[in-house]
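K.L.:
Protein sequence lines, in the order shown, are assigned to chains A and B.
If you're matching positions, the first sequence starts at 0 in numbering that gives the first Met the number 0 and goes up one per residue.
If you're matching positions, the second sequence starts at 0 in numbering that gives the first Met the number 0 and goes up one per residue.
Do not rely on the hints blindly, as some may be mistaken.
What the hints assert, rightly or not - Some chain A residues judged to face chain B by a derived CB distance under 8 Å, without partners named:
id : residue
1  : M210
2  : L242
3  : M270
Read the hints as simulated data drawn from the structure, not as lab findings.
For every residue, glycine included, the Cβ atom is placed at its ideal position computed from N, Cα and C.
Listed below, chain by chain, are the residues.
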Amino acid sequence: MPTVSTRRVVITGMGAISPQGVGAAALWQGLCEGRSAIGPLRHPDAGRLRVKVAAQVPADFDPAAHIDERVLPLLDRTSEFALHAAREAVAQSGLDFASGGLGLRTAVIVGTGVGGETTQDEQSRRLYGENAQRAHPLTIVRLMTNASASQISIAWGLRGATYAVASACASANHAIIQAAQQIRYGLADAAVTGGTEACITYGALKAWEAMRVLADDTCRPFSANRRGLVLGEGAGIFVLESLEHAQARGATILAELAGTGMSADASDIVMPSAEGAAAAMRQALAEAGLNPQDVDYINAHGTGTPANDATETRAIRLAFGIHADRLAVSSTKSMHGHALGASGALELVAAIGALRDGVVPPTANLDKADPACDLDYVPNVAREMPVRAVLSNSFAFGGLNAVLALKRAP
Amino acid sequence: MTATIQQQVFEIIAKQAKIEVATIRPESTLKDLGVASLEAIEMIFDIEEHFDINFPEQQGANFDTDTAQSLVDAVQKALDDKAAGEGSK
Numbered sequence: 000m001p002t003v004s005t006r007r008v009v010i011t012g013m014g015a016i017s018p019q020g021v022g023a024a025a026l027w028q029g030l031c032e033g034r035s036a037i038g039p040l041r042h043p044d045a046g047r048l049r050v051k052v053a054a055q056v057p058a059d060f061d062p063a064a065h066i067d068e069r070v071l072p073l074l075d076r077t078s079e080f081a082l083h084a085a086r087e088a089v090a091q092s093g094l095d096f097a098s099g100g101l102g103l104r105t106a107v108i109v110g111t112g113v114g115g116e117t118t119q120d121e122q123s124r125r126l127y128g129e130n131a132q133r134a135h136p137l138t139i140v141r142l143m144t145n146a147s148a149s150q151i152s153i154a155w156g157l158r159g160a161t162y163a164v165a166s167a168c169a170s171a172n173h174a175i176i177q178a179a180q181q182i183r184y185g186l187a188d189a190a191v192t193g194g195t196e197a198c199i200t201y202g203a204l205k206a207w208e209a210m211r212v213l214a215d216d217t218c219r220p221f222s223a224n225r226r227g228l229v230l231g232e233g234a235g236i237f238v239l240e241s242l243e244h245a246q247a248r249g250a251t252i253l254a255e256l257a258g259t260g261m262s263a264d265a266s267d268i269v270m271p272s273a274e275g276a277a278a279a280m281r282q283a284l285a286e287a288g289l290n291p292q293d294v295d296y297i298n299a300h301g302t303g304t305p306a307n308d309a310t311e312t313r314a315i316r317l318a319f320g321i322h323a324d325r326l327a328v329s330s331t332k333s334m335h336g337h338a339l340g341a342s343g344a345l346e347l348v349a350a351i352g353a354l355r356d357g358v359v360p361p362t363a364n365l366d367k368a369d370p371a372c373d374l375d376y377v378p379n380v381a382r383e384m385p386v387r388a389v390l391s392n393s394f395a396f397g398g399l400n401a402v403l404a405l406k407r408a409p
Numbered sequence: 000m001t002a003t004i005q006q007q008v009f010e011i012i013a014k015q016a017k018i019e020v021a022t023i024r025p026e027s028t029l030k031d032l033g034v035a036s037l038e039a040i041e042m043i044f045d046i047e048e049h050f051d052i053n054f055p056e057q058q059g060a061n062f063d064t065d066t067a068q069s070l071v072d073a074v075q076k077a078l079d080d081k082a083a084g085e086g087s088k
């Protein structure tokens, strides 16, 4: 078998819009403070909904800031989030895509669970609710799942492989893995990647209600009194580069994306499997050249549903063996909610923060031990500790698993 | 003659579980009847639609232990609550 030469992949820029506020720093600071952004649902139709809580981007988020007024009408809320986060990430990276043809060698791969749900909801209301004769002419360009990736490509002149990845709650991690592979196998020198979701619409909330997986008070991952997930929204976007590209220009490297793992449970459409999740974790460790004892922190998928948290605990034990008891494991969804196709991207901000600052963000609202969840979940208060390597887990409905392994900057 | 609530609920369960109504006992759990979690959520939706009621958010969270009779009781309670709500208007 021919050997394939591979390159190391590093992260040199990050940006976020999250329930904690605008910017990756606002998200990371909120998580370190153990501050949950879950609050009463803000929605014009809240009175017709049973769901009472959500983790929403602050109401003062101004999409018009930093986005050209000619572009704004083309954007669903998902793309507004993605463009804002991308601008922050590109600025931090210091990359000039117009220089030396870099734009031609830059991929844009963005995950989203559903895409332009706000647009879909508004137009459906017009057509079916108000018997409007016509849909808005920009409906398609706003709602298409690839809109965020395309808008980023256009904004910075990025001409490499550009597309969306959809795998429900694992979309961001799958997108980031695809982007890393572009660089690892020499197909691109840089990539802009991450995830975005804006799913707090009347139709989507009704659909989630009907599935009976939403918590009615707050998100309590790994706690015996957990009652389900709390929906969130936002975007996290990152700039990836090959290590040599970043070093040649003297860039500040935030972390190395050292390994990735992907698997499918091939069992139930919603009930997770510990074996499938463990397989993805093992792959990520192997690609990163990490032994279980090299890892100090796992940012868990940790949705706060009865099924996920116990199964994820078993999966971590399967993948890590006796070292599982020495890991710090936390679910930051307890604070930023479950942003579905963006969640892995928001959690990558937490994983990078843990590596850089030596602080593990806590699992908020963990107040009742569950015998089925018997790891160290860093309850309620952040922990200062040396963090050498991190895994970030995302597991999706459909039985799809995507795991990132990160190391400190070389 | 209108079917009793129990008959109506059992018919919905039978349809979802693809079994004969006669095989359902009040003490049968959904698990006994071979109803998986996602099917149970669909069944609860069918029951809500059929009776025009809303179960509480957490209703149906324990598919392993919920019995056919507990669903009948839940329907009766939701119908009573609905009647009481309408009576007070």
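K.L.:
Would the hint on A/L242 be counted as holding, given a Cβ-Cβ threshold of 8 Å to chain B?
P.N.:
violated (44 Å)
K.L.:
Would the hint on A/M210 be counted as holding, given a Cβ-Cβ threshold of 8 Å to chain B?
P.N.:
Status holds, d = 6 Å.
K.L.:
Any CB of chain B closer than 8 Å to the CB of A/M270?
P.N.:
Holds. Min distance 6 Å.
The structure shown violates just one earlier hint, number 2.
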